[in-house]
Structures are given as C-alpha cells and as structure tokens.
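Got chain A sorted already, so can you dock chain B onto it with the hints?
As given, the protein sequences belong to chains A and B, one line each in that order.
According to our numbering, the stretch in the first sequence is residues 22 to 225, in order.
According to our numbering, the stretch in the second sequence is residues 22 to 225, in order.
Among the hints, erroneous ones may be present.
Given that identical chains are not distinguished, each listed pair holds provided it fits within a single copy or across any two copies.
[Stated by the list, open to error] Calculated cross-link-like contacts (lysine-lysine; reagent style DSS-like; alpha-carbon spacing at most 30 Å): (1) Lys148 with Lys34; (2) Lys38 with Lys73; (3) Lys71 with Lys144; (4) Lys112 with Lys71; (5) Lys125 with Lys69; (6) Lys187 with Lys71; (7) Lys33 with Lys194; (8) Lys148 with Lys70; (9) Lys92 with Lys33; (10) Lys70 with Lys38; (11) Lys29 with Lys148.
Rather than coming from a laboratory, the hints here were simulated on the basis of the structure.
Protein chains: 2
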Amino acid sequence: MLQELTLKGFTKKLGSKAPMPGGGSAAALSASVSASLVEMVTNLTVGKKKYKEVEQEMEEIRNIAENMRNKFLNDIDRDSDSYEGVTIAFKLPKDTEEEKNIRKEKIQKELKNAALVPLEIAKDAYKILDLAEKVVLKGNQNAVTDGLVATMLSRTAVLSALYNVKINLISIKDEEFVKKITFEMDELSDVNERENKILGMVEL
Amino acid sequence: MLQELTLKGFTKKLGSKAPMPGGGSAAALSASVSASLVEMVTNLTVGKKKYKEVEQEMEEIRNIAENMRNKFLNDIDRDSDSYEGVTIAFKLPKDTEEEKNIRKEKIQKELKNAALVPLEIAKDAYKILDLAEKVVLKGNQNAVTDGLVATMLSRTAVLSALYNVKINLISIKDEEFVKKITFEMDELSDVNERENKILGMVEL
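For reference, chain A alone in the conformation it holds in the complex (with noise of 0.2 Å):
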C-alpha cells in the first residue's frame, strides 16, 4: 500500500516514469496532510481551560478528522488503483468484433469508477473546509496558521481531484453518468470563494 512508503519512497515513485501514483493521489495525500492539521488544532485545544466551552465540539472535529484523515490515506491507493484499471482495459486485445466490443465497455466502466473515485474524494475534502473553519475560529489560537494551512491543503485537494474527474468524463459515453456526475460537480464550485472567506477570518 502507498501510505506504507515513507515521504522520501512514495514522492520519488510520484515522479517517477510510471503514470501511477499521480495527481489524484497527490490529492488523496493533500487531504489527507489537511485532515491531520485539524486534528493537531484540536488536541492543542482540548484540555486547555481558555477553551473549556469548546471542548466537546472540538472532541467531535477531532474524531472525525482522525477517521478522514485515514480514510484519504487509503485514496491514495484507490485513485492509483482506479487509473491503473483504465489502463488495463484498453491493452485488452481487440482483434475481434466480440473482442472490440468487451474492450470498448470494459474501459467504459473502468472510465467511469476511475472518475467516481476522485468525485468522492473531492467530495469528502470539500467537507474538511467546515472542520477547519471551526478550528480556526474557535480553536487554539497559537495554532491558528495550522487551520488555515489546512484550509489551502483541501482546496487544493478539492480541486485537484475534480481535474481528476473531468478528464476522465470526456472519454465517457453515457450522457446521464456524464451529467449526474457535472451536477455533483458543481455543488463543489464554490470552493475558492469557501477557502477566501476562511482565509479572510484572519489578520495576519
């Protein structure tokens, strides 16, 4: 598994000749990193008595951050995963029309799982935006920067992931996949405006 490789094993395979790992793990990663900032805001915030009143709502941010940080950890190897599936499906062989025509759905369908990845993972790193603005405004204040970094790490993420996702739904036939998926797309198009306001939360 990817997370398993140390900073210095997995970044030299990412830039390395092989098209796996790439930017959708990259993505996975940058959630992840901004999922484990939050969490640090909150155990800097807990059990401090300046933030007694925040206590528990900062356990609850802590909880959920610590399972998503985890759980973009293991993104990273299912958009890795998710890639390689499409690349499998087009070296099918294609010598037949019955052959042509299992290569040409099987790579629709590995198209389109390699899109619903990345749409998650853009999804749930869309969601870190609210724990880090929380963090921000009612954490710790001597870690304020770490909610803020955070904030960059999962528009980063956000955004990185839906290139992601584009990429692979101009190859794909099925126009109501296409526009359910754009819809849910654009549900997640204010994410600059969302990191500008949080951002904006402090003067520094």
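Okay, now just chain B, sitting in the frame of chain A:
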C-alpha cells in the same frame, strides 16, 4: 528524519498533540509533492517522438525538479527543528537579570531562524510555478492535469510557508530584519495570479 516516516506515520504524527511538525512542514511536503508531479510529467515527455523538440528542456526541468523534491523533503525537518528551537529558548531559565537577557536574546535569534526557514521554502516553492507552467504548456498533454495539480500544490506551499513567516515576525523586535523580510515576502505576493494564469491555460 521525518522524510523516513511512512505517509501513515507522518500524518499521524502531524495530527498529534505535539506542535511539531506543523503547518510549515506540511508546506514543505506540499512543495515536494508538487516538484514530484513536475518531474513525472517530464518523465512522461522525454523519449516520446511527439515531444522531441522539447526533450532537452524537459530534461533540464526534470533535474531541477528532482533536486527540489529532495530539498523540500529536508525542509520538512528543517522547519520542524526551527520551531522547536523557539520552544526550547522559551524554556530557558529567567531567574536573574542575566538569565533574562540571555533568554531574550536566544528567543529573538531562534524566532529569526524560524522565520527564515519558511521564507526560503516559500521562495523555492514559488520557483516551481515556472517549472509547472512549462510542463503544462509543453509537456505530455496526457499528463496536463498533473501539471495543474503541481501548480496548486506549489501555490499552497508558498502561502502556507508565508503564514509561518508572518506568525514569527510578530514577535521579532529587530525592525530592520522585519522590514527586509516583509520586502522579500512582497515579491511573492502575486502567487495567486500566477496560479490563476497557469490554470487558465487549460480548458477542461
């Protein structure tokens, strides 16, 4: 060294109660991942007939990106260590006047270092934007989204590192130093426009 931790181990440590590593190290990792993606696009370009004309340029970019990938991995530790230096200085004894003076001086020295390290990360991450722009424009177009993801990761690294500079500048008394650093930060202030320009080069 932090770069020897697994992705799983690093994100867990980042999310923990310990204030180090924090947002500055996350910025360095983000920059390293960005450099890796630039490197990957060059690797997917070099040796392809279609991109024969840009082969030499891509090889040059590959070498720079590879060096930067490793440089930023070291910065993950450097940033964490520089912040630790500040926390250690704050724990120095302050019982006598002499101790107070020594402590004050040491804190100022460590704060300066903790501003200079992320400033260097920000400047170097800013340079990746040039490389990302080139691979997006001239590199293998099948990997164009990887160049766009690299662009957003660099932008996030620059702004994240700058937050870590600013938070340390607040407590630095040396006005000349603050002025100089502020001037150098201003030179990176068009990073959002730079990002927008590169993203705008590709229609998806």
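Hint-by-hint comparison with the structure:
In the homo-oligomer, the alpha carbons of Lys148 and Lys34 lie at most 30 Å apart both inside one protomer (29 Å) and across protomers (22 Å), since each shortest distance falls under that limit. Taking the shortest alpha-carbon separations for Lys38 and Lys73, only the inter-copy value of 17 Å comes in at or below 30 Å, while the best intra-copy value is 51 Å. Within a single copy, Lys71 and Lys144 get their C-alpha atoms no closer than 34 Å, and across copies no closer than 36 Å, so neither meets the 30 Å cut-off. For the homomeric pair Lys112 and Lys71, the shortest alpha-carbon distance between copies (21 Å) is at most 30 Å, but the shortest distance inside one copy (61 Å) is not.
When the C-alpha separation of Lys125 and Lys69 is checked against a cutoff of 30 Å, the pair qualifies only between copies, where the shortest distance is 26 Å, while the shortest distance within a copy is 59 Å. Proximity of Lys187 to Lys71 under the C-alpha cut-off of 30 Å is restricted to the inter-copy arrangement: shortest distance 24 Å between copies versus 46 Å within a copy. For the identical chains of this complex, Lys33 and Lys194 are neighbours neither inside a copy (35 Å) nor across copies (41 Å), given an alpha-carbon limit of 30 Å. Taking the shortest alpha-carbon separations for Lys148 and Lys70, only the intra-copy value of 28 Å comes in at or below 30 Å, while the best inter-copy value is 43 Å.
For the identical chains of this complex, Lys92 and Lys33 are neighbours both inside a copy (23 Å) and across copies (12 Å), given an alpha-carbon limit of 30 Å. In this assembly of identical chains, Lys70 and Lys38 lie within 30 Å of each other by CA distance solely across copies; the values are 16 Å between and 52 Å within a copy. When the C-alpha separation of Lys29 and Lys148 is checked against a cutoff of 30 Å, the pair qualifies both within a copy, at 29 Å, and between copies, at 21 Å.
Checked against the numbered hints given earlier, this structure breaks hints 3 and 7; the rest are met.
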